Amino acid sequence: MEIKFENINYFCNEKTPLKTEILKNINFTIKENTITSIIGPNGSGKSTILELIGALKFPSSGIITIGNYQIKSKKQIGDIEKLRPSIGLVYQDPEKQFFLKTVREEIEFALQNFNFKLTEKDKRVSDSLRMVGLNDDYLNRSPLELSRGEQRKVALAMILSFNPKLILLDEPTMGLDASSRKHLMKLLKMMKLRYNKTIVIVSSDTDVLHTVSDQVLVLNEGRIVTSGDKYTIFGDYDLLNKYHINIPKIIEFSNLVKHKKNINIGYRDDINDLMKDVYRYVK
Amino acid sequence: MLNNVSVGRYFPIKSNIHEMNPLSKIICTTIFIISILIAQDFQAICILTLLVMVMIMNTNIPLTIYYQIIKNLKYFFLVVFLSSSIITLSFSAGLTILIDIVLIVLYLSILTLTTPQTEIVYGLEKLLWPLSYLGVKVNTLALNISLALRFIPTIIDESNYILKAEASRGIDYRVGVKTWCIAVKDMIKPAIMLSLKHLNDLKNSMVIRLFSIENKRTNFRINKWQIFDSYLLVIHIAIVIVIIMRGVIL
Amino acid sequence: MFFNANPFYQVVNKSFLYYNINCGDRWMKNIIEIDGLDFKYKDISVFNNLTLTIKEGSFTTVLGANGSGKTTLIKLILGLIYGNSVVMCNSIPVTKENFKEIRKVIGFVGENPEQNFVAETVMDEIAFSLENLQMSPQYIKEKVMTLARQLHLENDLEKEPHTLNVQKRQLVALASALAVDPKILIMDEGLNNLDSKFREEVLNIIKKLNKENNMTVIQTTDNLENCLFGDSIIVLDEGHVVLSGLKEEVLEYEDIIDKAKLDLPFIVALSNKLKFYNLIDKTYFDQEKLVDDLWK
Numbered sequence: 040m041e042i043k044f045e046n047i048n049y050f051c052n053e054k055t056p057l058k059t060e061i062l063k064n065i066n067f068t069i070k071e072n073t074i075t076s077i078i079g080p081n082g083s084g085k086s087t088i089l090e091l092i093g094a095l096k097f098p099s100s101g102i103i104t105i106g107n108y109q110i111k112s113k114k115q116i117g118d119i120e121k122l123r124p125s126i127g128l129v130y131q132d133p134e135k136q137f138f139l140k141t142v143r144e145e146i147e148f149a150l151q152n153f154n155f156k157l158t159e160k161d162k163r164v165s166d167s168l169r170m171v172g173l174n175d176d177y178l179n180r181s182p183l184e185l186s187r188g189e190q191r192k193v194a195l196a197m198i199l200s201f202n203p204k205l206i207l208l209d210e211p212t213m214g215l216d217a218s219s220r221k222h223l224m225k226l227l228k229m230m231k232l233r234y235n236k237t238i239v240i241v242s243s244d245t246d247v248l249h250t251v252s253d254q255v256l257v258l259n260e261g262r263i264v265t266s267g268d269k270y271t272i273f274g275d276y277d278l279l280n281k282y283h284i285n286i287p288k289i290i291e292f293s294n295l296v297k298h299k300k301n302i303n304i305g306y307r308d309d310i311n312d313l314m315k316d317v318y319r320y321v322k
Numbered sequence: 673m674l675n676n677v678s679v680g681r682y683f684p685i686k687s688n689i690h691e692m693n694p695l696s697k698i699i700c701t702t703i704f705i706i707s708i709l710i711a712q713d714f715q716a717i718c719i720l721t722l723l724v725m726v727m728i729m730n731t732n733i734p735l736t737i738y739y740q741i742i743k744n745l746k747y748f749f750l751v752v753f754l755s756s757s758i759i760t761l762s763f764s765a766g767l768t769i770l771i772d773i774v775l776i777v778l779y780l781s782i783l784t785l786t787t788p789q790t791e792i793v794y795g796l797e798k799l800l801w802p803l804s805y806l807g808v809k810v811n812t813l814a815l816n817i818s819l820a821l822r823f824i825p826t827i828i829d830e831s832n833y834i835l836k837a838e839a840s841r842g843i844d845y846r847v848g849v850k851t852w853c854i855a856v857k858d859m860i861k862p863a864i865m866l867s868l869k870h871l872n873d874l875k876n877s878m879v880i881r882l883f884s885i886e887n888k889r890t891n892f893r894i895n896k897w898q899i900f901d902s903y904l905l906v907i908h909i910a911i912v913i914v915i916i917m918r919g920v921i922l
Numbered sequence: 007m008f009f010n011a012n013p014f015y016q017v018v019n020k021s022f023l024y025y026n027i028n029c030g031d032r033w034m035k036n037i038i039e040i041d042g043l044d045f046k047y048k049d050i051s052v053f054n055n056l057t058l059t060i061k062e063g064s065f066t067t068v069l070g071a072n073g074s075g076k077t078t079l080i081k082l083i084l085g086l087i088y089g090n091s092v093v094m095c096n097s098i099p100v101t102k103e104n105f106k107e108i109r110k111v112i113g114f115v116g117e118n119p120e121q122n123f124v125a126e127t128v129m130d131e132i133a134f135s136l137e138n139l140q141m142s143p144q145y146i147k148e149k150v151m152t153l154a155r156q157l158h159l160e161n162d163l164e165k166e167p168h169t170l171n172v173q174k175r176q177l178v179a180l181a182s183a184l185a186v187d188p189k190i191l192i193m194d195e196g197l198n199n200l201d202s203k204f205r206e207e208v209l210n211i212i213k214k215l216n217k218e219n220n221m222t223v224i225q226t227t228d229n230l231e232n233c234l235f236g237d238s239i240i241v242l243d244e245g246h247v248v249l250s251g252l253k254e255e256v257l258e259y260e261d262i263i264d265k266a267k268l269d270l271p272f273i274v275a276l277s278n279k280l281k282f283y284n285l286i287d288k289t290y291f292d293q294e295k296l297v298d299d300l301w302k
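One line per chain: the protein sequences are A, B and C, in this order.
Residues 40 to 322 in the working numbering are what the first sequence spells out, letter by letter.
Residues 673 to 922 in the working numbering are what the second sequence spells out, letter by letter.
Residues 7 to 302 in the working numbering are what the third sequence spells out, letter by letter.
Source of the hints: derived by calculation from the structure; they are not laboratory data.
These figures come from a predicted structure and were not determined experimentally.
There may be inaccurate statements among the hints.
What the hints assert, rightly or not - The following residues of chain B were derived to be distant from chain A, with all beta-carbon distances above 12 Å:
| # | residue |
| --- | --- |
| 1 | Ile703 |
| 2 | Ser757 |
| 3 | Asn816 |
| 4 | Ile834 |
| 5 | Ile854 |
As the list claims (entries may be wrong) - According to the in silico footprint, chain B covers these stretches of chain A (three or more CB under 8 Å from chain B):
| # | segment |
| --- | --- |
| 6 | 68 to 75 |
| 7 | 296 to 306 |
| 8 | 311 to 320 |
Just so you know, even glycine gets a beta-carbon here, dropped at the ideal spot from N, CA and C.
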């Protein structure tokens, strides 16, 4: 599903003296079947963009087009409900999203609301748990007892269960250990390639974003600074420094080599590939 | 989703009321609540309404904040009006009680919007000090009351988060009455549990920073009692005396 | 000196020996000592015969994946929970009776400081601990102003902490912790929310205090890049200390770190690979130096 933002403005607490401008004049397009990362300093409005795509907030002005639907204002609640089964949003704080007694109930919640057949439910629940790397033992446990990493995985399973075309993730890697992070990135790549999903990730963990993104959007103080493919954006040292965004270490290394020794060893995604390049150039 | 302008949030701005000593504000609040409970007739309520409006003007806080607070409680007010009308079997009594409650909410909002929590605790401790002779743990009581007030915005934040999580998985409370009921019912227990967890974390962090109920603390920033405090206190006392006298005479 | 059954512990003890000989008193004193501690949480054993020490004046990173026990360890040091054996902190046993003495010397910055703000203005928030210690209003005012100036918070003193952005909130939490001039600063994943430039600024302030005032710094994290800031590392794996010592030595044990579900910092991983192919002969911690030496 293609996502298009046209002239979007968003104000928080409108009609009160606490009105603040969160997003101004946002224009971008996210193509189908891609993984897009949204990066930017804290407070730049990244999470709000996700909430706007997820129809949890409505734009103060402008049009958001998701697939065949257009969202313009609050009055379209009825339409939005038809859009919901196609959008899955995973929040930053997993523990704040749970409100049922067991993991099984949490995962089934969305299935029930979106009218999935009863016969398929159990299979879907187990499948989604397995996809995130957990087994059926977790089904009867309370989500509030789990560790942060496990909670994050359950939150992801909750939305994978109803197979949305669009997956939105807000800081998915925070609190995950190294092997879980790798696992998650592999999962997202599979979602894109095998299941043709469109994925949007908001994160400040650029080392991890670097391995999966196709497009990158840079946000600052509610405005889009620039967008482009990952090597262009992550390789732009001045840009990332200006907005206090962490440079992926692997890119930083290639940049250093280019600047100091004038050798263009190129950008790599994996440390082993980088190793081979360095070896070649040193010898 | 839910607007977070509510009772319990401090609004820092320079005004006469903000600079008042917290003790005087709390005494005035108590006198006001007593006045409301005693006032029976239309004129008394008018005087009290006038008092509230004058005080609101003196806080320099934009009126839309107060309007938002009242708006956020509209269902609560509706329930109060309907149930009191039914119990007293008269709409005018229900209306009177409704106005009383609205005035009390406004006055409490003035208090919480103009007084930081630490000062409220200080004021409450001083006010309730006579109770310590009856064996009541005044410090703990004051702290609990002020924490309860401080937690209203937190509970609203938590509820918002859960409502959004529900909406993203199919139950959007804005769509219709049925989904509203389901959404709210599922939200209450986790919102309360999360808030209690917050309370516990807060207690831990206070204890780590050497807070202890029994010990005395330095208060390095309490506003001193000034002329304006006495002035306002006298006005409140005068009003309550007037109301009592009218009650006695009529 | 500790010797226990764990074979890796013995290997790394030599770094303690080295420093004891060369740096004199500064590294002699153990500011945290845990010996044979068991701790269970709801029938799940978190620590079993845990033994570790942290030296005074060091900047120690406690590394561990989720569930390895980092937060539990911090709670044990702070005296919020108790195991079966006593934790020694600053040579005082951590017990309910001593909790005031212990907490006077510890400054704590948690992961989500906004959940723990107790006051309505930044100034009151920083002053909170000092008010509890019954310091004079004069002293409190001066201390708050000094800290605000050091951390660039002078213009935010009257604001509500919730309304500040994430970086400033972290600074307020740090200022509140430093208000009591603690001997030990504990940061529980404290630096994760900050971007790189900001983190550097904050770390420089902390490092200065570490060197000048001999303030011990303990940070817990699962992010390997953070461990490059300190000088010592303790690695936890499912409730056991598997590595403990200076960072240069600990980071050589790639397999153990991998087994603990952690990744090496990029620069160390790259150094190890380059070492394997004989392009360099030691582990580097600075990318620029590595690049310079590779193409001399």
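Quick rundown of the hints versus the structure:
1. Ile703: At about 30 Å from chain A, B:Ile703 clears the 12 Å cut-off, so the statement holds.
2. Ser757: holds, 31 Å
3. Asn816: Holds, since 25 Å exceeds 12 Å.
4. Ile834: Incorrect as stated: the minimum Cβ-Cβ distance to chain A is 6 Å, not above 12 Å.
5. Ile854: The claim is violated: B:Ile854 sits with its nearest Cβ about 9 Å from chain A, within 12 Å.
6. 68 to 75: Our answer is that it is violated, as 0 residues pass the Cβ test (under 8 Å) against chain B, missing three.
7. 296 to 306: Violated - the segment 296 to 306 of chain A has 0 residues with a Cβ nearer than 8 Å to chain B, which falls short of three.
8. 311 to 320: Violated, because only 0 residues of the segment 311 to 320 of chain A bring their Cβ atoms closer than 8 Å to Cβ atoms of chain B.
When each numbered hint is compared with the structure, violations occur for hints 4, 5, 6, 7, 8.
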